[in-house]
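*Asks:* Below are the chains, spelled out letter by letter.
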Amino acid sequence: MEISPFIIFLAAIFTSNIVLTNFLGMCSFLSVSREIESSLGLGLAVFFVLTFTTAINFVVYHYLLIPLNLIYLQYIIFIIIIAAFVQLTELVIERFSPVLYYSLGIFLPLITVNCAILGVSLFMIIRNYSFIQSVLYGAGSGLGWLLAILALAGIRSRVKYKYVPAGLQGAGLSLIITGIMALAFIGFSGIVVIQ
Amino acid sequence: MTKKQIFITSAFTENSVWKQILGICSALAVTNIMMNSLVMGLGVIFTLALSSLSISLIRNYIPRRVRMMVQTLIIASYVIIVDIFLKAYFPEISKSLGPYVGLIITNCIIMGRMEAFAAKNRPVEAMIDGIGAGVGYTLVLLIISFVRELFGFGSLFGLQILGGWWTNWSIMVMAPSAFFMLAILIWIIEGPLAARRSARKV
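Top to bottom, those sequences are chains A and B. So the first sequence is numbered by our numbering: it starts at 1 and just counts up by one. So the second sequence is numbered by our numbering: it starts at 1001 and just counts up by one.
These are calculated hints, taken from the structure and not from any lab test. Using N, Cα and C, we set each Cβ at its ideal position, and we do this for glycine too. Some hints here could point you the wrong way.
Said to hold, decoys possible - Coverage of chain B stretches by chain A, computed from C-beta distances (three or more under 8 Å per stretch; other residues unrestricted): (1) 1023-1032; (2) 1070-1083; (3) 1096-1103; (4) 1172-1179; (5) 1184-1195.
Please construct the entire structure, taking both the sequences and the accompanying hints into account.
*Replies:* Rendered as structure tokens:
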């Protein structure tokens, strides 16, 4: 794999956006996107956690699991690392910056079960990325997720005042908006290609 | 509730996908081919049934504060079994499912059933509830992938159904159609219910 890390970074944001092409992190994507403010908070938290857990998981996988021949334990190890990292971040933020804690802290527990975090770590293993590539892939995916949830929240805050057929209200409509966004993002697909 | 009622409730009336919008990551990702959907569904049924059973068996011994962690670890162990089994016997399918088998761990349906049902009920009921939720999930996957594979490839389970006159709709294989199909499915099921609800209110 000799793709420039910067290209991976761009591709993770636009052409293979983690939500719009890989469908990861949908649960919180749909449920939190009611307001722009909370979407921004969750998006930033996902970006932060994603960047660091991808780096940690890379190191653990290549320098611990492979030498010890424990690759089949990767799921358990990854999920423990993610949960521990989230918990740790929560403690540190609470201790040093109460202001940040109140705006970001409530979203942190949600992140452990966000499949985007585990998904990015697994994609990084499957695609055989190097360390730099993995970190930029994690950061790019986080930014892509932030971009997508902000866009959805913006659209939803407008749609609120319009007539929507009863059966489509809530999740149905959000899915259709996301589908249209995914269609629009296909327009980027000529720029850069990974995989 | 009888065992049959438990099953029907968790599979149909309270279906996790269209009623509670849980676990849709994988419901969207693997549904362009029916075979993948079926395998994924069976994996989820297996994981749900056995982790419901295990959690329910030890439900009185788990300290409240660490129960999420215990549940996640139990789920992850069963997912590893599914993953190794697929790699050993169905390497092709395992490769095309990619990371989505591992992502069963963070599938919110499983966590949801553990919290809502298995942690409070007896083992047999918990297992039936788990199987029910898994069957409901598989059903949704099969419905969506039926449409997507038929229009996208002209085939069902890899068998060519539509002849040479059929032009494949490549959009059906791509990501946006998954969102649209799920939205339409929710609309078809929820529409009449919502109409009945508002009629009763008037």
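*Asks:* Name the hints, by number, that the structure is in violation of.
*Replies:* Result: no hint breaks.
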